[in-house]
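First to last, the sequence lines map onto chains A and B.
Using the working numbering, the letters of the first sequence map in sequence onto residues 2 to 162.
Using the working numbering, the letters of the second sequence map in sequence onto residues 860 to 1250.
Hints in this document: simulated from the structure, not taken from any laboratory.
Fair warning: this is a prediction, and the values are worked out from it, not measured in the lab.
Errors might be hidden in some of the hints.
Have a look at the derived ranges for each label pair, beta carbon to beta carbon [what the hints assert, rightly or not]:
| # | chain 1 | residue 1 | chain 2 | residue 2 | range |
| --- | --- | --- | --- | --- | --- |
| 1 | B | ALA1081 | A | PRO89 | 49 to 55 Å |
| 2 | A | PRO89 | B | LEU1019 | 52 to 58 Å |
| 3 | A | ASP92 | B | ASP890 | 31 to 37 Å |
| 4 | A | PRO124 | B | THR1140 | 29 to 35 Å |
| 5 | B | LYS1028 | A | ASN125 | 49 to 55 Å |
| 6 | B | VAL1174 | A | ASP100 | 42 to 48 Å |
| 7 | B | ARG1239 | A | ASN125 | 32 to 38 Å |
The list that follows gives simulated cross-link-like pairs (lysine-lysine, DSSO-like), each with its CA atoms no further than 27 Å apart [said to hold, decoys possible]:
| # | chain 1 | residue 1 | chain 2 | residue 2 |
| --- | --- | --- | --- | --- |
| 8 | A | LYS45 | A | LYS17 |
| 9 | A | LYS17 | A | LYS94 |
| 10 | A | LYS51 | B | LYS887 |
| 11 | A | LYS51 | A | LYS96 |
| 12 | A | LYS8 | B | LYS1095 |
| 13 | B | LYS1240 | B | LYS887 |
| 14 | A | LYS8 | B | LYS908 |
| 15 | A | LYS45 | B | LYS880 |
| 16 | A | LYS51 | B | LYS1086 |
| 17 | A | LYS24 | A | LYS8 |
| 18 | A | LYS90 | B | LYS908 |
| 19 | A | LYS85 | B | LYS908 |
| 20 | A | LYS94 | A | LYS8 |
| 21 | A | LYS24 | A | LYS94 |
| 22 | A | LYS8 | A | LYS63 |
| 23 | A | LYS24 | B | LYS1086 |
| 24 | A | LYS45 | B | LYS908 |
| 25 | A | LYS63 | B | LYS1062 |
| 26 | B | LYS880 | B | LYS1240 |
Backbone N, C-alpha and C define an ideal beta-carbon position, used for all residues, glycine too.
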Amino acid sequence: MKKEYSKEILDEIGAKFPQASVKIHAPRRTYIRVPRDDVYGFAKFLFEEKECRLSIATGIDKRDGMEIIYHFSHDPSGTYYSIKTLVPKDDLKIKSLADFLPAANWIEREIHELLGIDFVGHPNLIPLLTAETWPGDLHPLRRDYADEHKDLKVEKSTEER
Amino acid sequence: MKRIVPIGPYHPLQEEPEFFKLIVEGEKVVDLEINIGYNHRGHEFVAQKMTWDQVTFLVERICGICSDSHPYAYVLAVEDAAHVTAPPRAQYIRTIIGELERIHSHYLWVGLAGHFIGYNTVWMWVWRYREPLLDIFELIMGNRNHYAINKVGGARRDILPEHYSKIEKYLDLLEEKNTMFTKAVLDDPVIRARLEGVGILSKEDAVAYGVLGPTARGSGYATDVRKDDPYDAYDKVDWNEIVFDEGDVLAKAKVRLLECSESIKIVRQCLRNMPDGPIETRVDEIPPGEGIGRHEAPRGEVFHYVRSDGSNMPVRHKIRAPSFMNIPSNVVAVRGYSIADAALVLAAVDPCYCCTERTVVLRNGKRELTGKDMLRLSWRKTERLRRRYRR
């Protein structure tokens, strides 16, 4: 049946990453805000030491920057640890997790093309979902995208259909 | 010498858009490149322009096979954000529909897998008993697919008492037939020879790629949202998590077949203990905040993340379907096997591209393997094995 919520992970987080601020939303939903440079180390800690599995990452275009949330799932306790960080809009860069975590490969490519965030150290940062004729500097999930590119027409593939 | 065998942009077996570049040396697959994005519909963007109630219907249309799983995960996410729980009766109804859907989705896969290896009897058989289940869906919800049963704060329709006996009757039939299939499929020496030891995904790779559902459980990695993070009625019923350690296609088939009998158990218990009462709580507004909803869909965990600013529309809605995590693991699972096996291995994760994908024409002067060729290769191999066993 239901396993107990693991408090010790939270204590360790407090000791290891003093800058992290933890918010417990519901018994098995925890959000942790960390500075951008800590994300890599934090994710490595969750994946390698705490046996968390990377579920997915979410990118959000906010007024004060782009927010990236890595959702880690700790299956023995059924808890979600979501690591949040804010990337400033004038410097859209963050260290990629894909070098030790293959699960991060596709989703970082997706966030890169939809929001234009540069994942430093990603082995293969090419578009995942958009067409190959899609202009690389257009990011369709950005807030300003719909207003600026109302009349955008994407060229059809030059190859015969 | 390395050669490239392009498969796609339609999945040769499941007629869904994606492109596999098999890099082969002779008959052996040495590497695989995957290209998706042929049918990307931008649900996440569209969801931000719709009201909370409309999004339920939008996400229902993400997938045609497991059309209950996305709205289920979505309403759980919104309920998490708004701190509401559905009344007990609604929870039981949602669990029942979720489990019935698992049976029909797993049967679809077993039937297709039978077709791929040239066992059309399995295909016809399994689908014959899948059909009455769709009739039950129609009886309860007026639709064979796209049930629209989920609603933020409850269920949209009730299961009427006169439907109970019909569902029970179907489950009796199914229980008997499911045991028969499981035995028939697993005891057949040719099917065993075809599936055993093929497309092995190790537990380490399963963890690293973050695979989910039967793909993970067939590799000895026990992850099941229904056990780990029970929602609705799942912690009020008794059932077993099916895990096998082998990691090959046979293990995945076993997980799926045995899970169907667990689903039958769950539905039976739910029907027996179904509480009376209202089927929805009124949710007037979604406060600012965020919520995560997880549901164990037939293919693995469906994950929805919503963020609200207190208005009538989500500010951000992230959708993650299980195939998004399962498909990349093909790269390691297919390496080292023959092209005839590749067809099967690539289908073993029960991929569902409805979640991601435009059209493209591939004309690079190289030999293109069509779906028919792949099927023929696969059938020929089974035929060879069959002859060997007959001797």
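Against the structure, the hints come out as follows:
no.	hint	in the structure
1	ALA1081(B) with PRO89(A): 49 to 55 Å	violated (41 Å)
2	PRO89(A) with LEU1019(B): 52 to 58 Å	holds (57 Å)
3	ASP92(A) with ASP890(B): 31 to 37 Å	holds (36 Å)
4	PRO124(A) with THR1140(B): 29 to 35 Å	violated (48 Å)
5	LYS1028(B) with ASN125(A): 49 to 55 Å	holds (53 Å)
6	VAL1174(B) with ASP100(A): 42 to 48 Å	violated (31 Å)
7	ARG1239(B) with ASN125(A): 32 to 38 Å	holds (35 Å)
8	LYS45(A) with LYS17(A)	holds (12 Å)
9	LYS17(A) with LYS94(A)	holds (24 Å)
10	LYS51(A) with LYS887(B)	violated (38 Å)
11	LYS51(A) with LYS96(A)	holds (21 Å)
12	LYS8(A) with LYS1095(B)	holds (25 Å)
13	LYS1240(B) with LYS887(B)	holds (14 Å)
14	LYS8(A) with LYS908(B)	violated (39 Å)
15	LYS45(A) with LYS880(B)	violated (31 Å)
16	LYS51(A) with LYS1086(B)	holds (19 Å)
17	LYS24(A) with LYS8(A)	holds (13 Å)
18	LYS90(A) with LYS908(B)	holds (24 Å)
19	LYS85(A) with LYS908(B)	holds (24 Å)
20	LYS94(A) with LYS8(A)	violated (32 Å)
21	LYS24(A) with LYS94(A)	holds (25 Å)
22	LYS8(A) with LYS63(A)	violated (31 Å)
23	LYS24(A) with LYS1086(B)	holds (24 Å)
24	LYS45(A) with LYS908(B)	violated (36 Å)
25	LYS63(A) with LYS1062(B)	violated (38 Å)
26	LYS880(B) with LYS1240(B)	holds (22 Å)
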